[in-house]
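**Student:** Residues per chain, in single letters:
There are 2 protein chains.
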Amino acid sequence: MNIGDAARASGVSAKMIRYYEQIGLIPPAARTASGYRNYSDNDIHILRFVRRARDLGFSVAGISELLGLWRNRSRQSADVKRIVQAHIAELRQKIEDLQQMADTLQVLADCCAGDNRPNCPILADLETVNGKAPKT
Amino acid sequence: MNIGDAARASGVSAKMIRYYEQIGLIPPAARTASGYRNYSDNDIHILRFVRRARDLGFSVAGISELLGLWRNRSRQSADVKRIVQAHIAELRQKIEDLQQMADTLQVLADCCAGDNRPNCPILADLETVNGKAPKT
DNA sequence: CTTGACCTTCCAGCGTTGGGAAGCCCTACC
DNA sequence: GGTAGGGCTTCCCAACGCTGGAAGGTCAAG
Chain S
1 MNIGDAARAS
11 GVSAKMIRYY
21 EQIGLIPPAA
31 RTASGYRNYS
41 DNDIHILRFV
51 RRARDLGFSV
61 AGISELLGLW
71 RNRSRQSADV
81 KRIVQAHIAE
91 LRQKIEDLQQ
101 MADTLQVLAD
111 CCAGDNRPNC
121 PILADLETVN
131 GKAPKT
Chain U
1 MNIGDAARAS
11 GVSAKMIRYY
21 EQIGLIPPAA
31 RTASGYRNYS
41 DNDIHILRFV
51 RRARDLGFSV
61 AGISELLGLW
71 RNRSRQSADV
81 KRIVQAHIAE
91 LRQKIEDLQQ
101 MADTLQVLAD
111 CCAGDNRPNC
121 PILADLETVN
131 GKAPKT
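Residue numbers (the UniProt record's numbering), protein chains in the order written: chain S, 1 to 136; chain U, 1 to 136.
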């Protein structure tokens, strides 16, 4: 299987497959006599694992940890769970931050006439620090 | 006012101030005879605007647009509102994506015993494509 | 043999921030 | 006046996770 076929089979682009190999996330692929990368079914399996983990928002470092546990038959599911729960916590934190931004902006947008006049409470807010009047 | 003072007064690090100047987000600062950047109260005002906009998640490109409107006294508040609402939509989209990830992971984590045995539904899921069984 | 699609490597960039090196300037203190 | 220390200057590098392109080799079909 060429890298293009592996990309189509796994959902990971050829560029990214090479990148993942380069940074050591996945093992170096076998090569044909002419230097083409050659992928086995097991390699595709690994690539799919990586793809799925990325879709779930894991960083490359996180995927590396998960791959290690996946390969390790004497792993403890508690280790996997710990990684996943830490990641969930990060996601929830990001969600909270973004939600806070969106809420603030929504309030400002609701206060803005949105017409052809220059007066705008949004810009007025942006002049301030943390949404409060500046000391000056 | 030196760049350090400006940084403390605006909440934007000196490093970032230089960077914003370099990429043209803010105008080049005045200089003293010896080459030090010199900031006026108005410059601080601009920096605070930038800081607040970043806190609300705007990209540098977005801030550039907002700054343009801020400076333009004949602006129309509708233009500001449009930019802000587009940004709110982006934020909500990101929130939704992250929420989807977190929900999926939470379900998996809840199914995982988290003990010293290797069996783990999380890893089992990661082997699949989009959470469904692979074609193979 | 030619064409076109594929593969290879390497280099550079995106956006935002932090870190550090080498060297100049300013203030304070002796 | 000399010196120590902090602050300033510019420049380069690193991070994250890719993405694009250039230059060139390989393979299969016509």
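No lab work stands behind these hints, which were simulated from the structure alone. Note that the structure is predicted; figures quoted are calculated from it, not measured. Hints are not guaranteed to be accurate.
Interface residues of chain U toward chain S, partial, derived using beta-carbon atoms under 7 Å [unchecked claim]: (1) Lys15; (2) Val60; (3) Ala61; (4) Gln76; (5) Ser77; (6) Val84; (7) Ala89; (8) Leu91; (9) Gln93; (10) Val107; (11) Gly114; (12) Asn116; (13) Glu127.
Computed list of chain U residues with no C-beta within reach of chain S, every gap over 10 Å [claimed, not checked]: (14) Ala7; (15) Met16; (16) Glu21; (17) Gln22; (18) Thr32; (19) Gly35; (20) Tyr36; (21) Tyr39; (22) His45; (23) Arg48; (24) Leu69; (25) Val80; (26) Ile88; (27) Cys112; (28) Pro118.
Note that beta-carbon positions come from the ideal geometry of N, C-alpha and C, so glycine has one too.
**Student:** State for each hint whether it applies.
**Tutor:** Going through the hints against the structure:
Look at Lys15 of chain U: its Cβ only gets to about 20 Å from chain S, farther than 7 Å, so that hint breaks. Given hint, Val60 of chain U at the interface with chain S, is violated; its Cβ is 15 Å from that chain's nearest Cβ, farther than 7 Å. A cut of 7 Å between beta carbons decides the hint on Ala61 of chain U: the least distance to chain S is about 16 Å, and the hint is violated. Annotation: interface hint on Gln76 of chain U holds; nearest CB of chain S at approximately 5 Å, less than 7 Å.
Checking Ser77 of chain U against chain S by beta carbon gives a least distance of about 4 Å; that is within 7 Å, so the hint holds. Below 7 Å, beta-carbon pairs count as interface contacts, and Val84 of chain U has one with chain S at about 5 Å; its hint therefore holds. Taking 7 Å as the C-beta contact cut-off toward chain S, the hint placing Ala89 of chain U at the interface is violated, the least distance being around 9 Å. Hint on Leu91 of chain U holds. Least Cβ distance to chain S is approximately 4 Å, under the 7 Å limit.
Among the interface hints, the one on Gln93 of chain U is violated; its C-beta lies about 10 Å from the nearest C-beta in chain S, farther than the 7 Å criterion. The restraint placing Val107 of chain U at the interface with chain S is violated, with a minimum CB-CB distance near 11 Å, outside the 7 Å limit. A least Cβ separation of about 4 Å between Gly114 of chain U and chain S falls short of the 7 Å threshold, and the interface hint therefore holds. Hint on Asn116 of chain U holds. Least Cβ distance to chain S is approximately 5 Å, under the 7 Å limit.
Look at Glu127 of chain U: its Cβ gets to within about 6 Å of chain S, closer than 7 Å, so that hint holds up. In this structure Ala7 of chain U is separated from chain S by more than 10 Å, as the shortest Cβ-Cβ distance comes to about 14 Å. The beta carbon of Met16 of chain U is kept farther than 10 Å from every beta carbon of chain S, the shortest such distance being approximately 16 Å. For Glu21 of chain U, the non-interface assignment is confirmed: its Cβ lies about 19 Å from the closest Cβ of chain S, beyond the 10 Å cut-off.
Distance check for Gln22 of chain U against chain S: the nearest CB is about 22 Å away, which clears 10 Å, and the non-interface claim stands. Under the 10 Å C-beta cut-off, the non-interface status given to Thr32 of chain U relative to chain S holds; the minimum distance is some 23 Å. Every CB of chain S lies more than 10 Å from the CB of Gly35 of chain U, the least distance being 28 Å, so the non-interface label holds. With 10 Å as the threshold on Cβ separation, the claim that Tyr36 of chain U sits away from chain S holds: the shortest Cβ distance comes to roughly 23 Å.
For Tyr39 of chain U, the shortest C-beta to C-beta distance to chain S comes to about 14 Å, beyond the 10 Å cut-off, and the non-interface label holds. Not every beta carbon of chain S lies more than 10 Å from that of His45 of chain U, the smallest distance being close to 7 Å; the non-interface claim is violated. Listed as outside the interface, Arg48 of chain U is inconsistent with that label: its C-beta sits roughly 6 Å from the nearest C-beta of chain S, within the 10 Å cut-off. At the 10 Å boundary, the C-beta of Leu69 of chain U falls inside the reach of chain S, the nearest C-beta of that chain being 7 Å off.
With a closest Cβ-Cβ approach of about 5 Å to chain S, Val80 of chain U is found to fall inside the 10 Å limit, against its non-interface label. Under the 10 Å C-beta cut-off, the non-interface status given to Ile88 of chain U relative to chain S is violated; the minimum distance is some 5 Å. Once the 10 Å rule is applied to beta carbons, Cys112 of chain U is inconsistent with being away from chain S; the minimum gap is 5 Å. A Cβ of chain S approaches the Cβ of Pro118 of chain U within 10 Å, the least distance being about 5 Å, so the stated non-interface status is violated.
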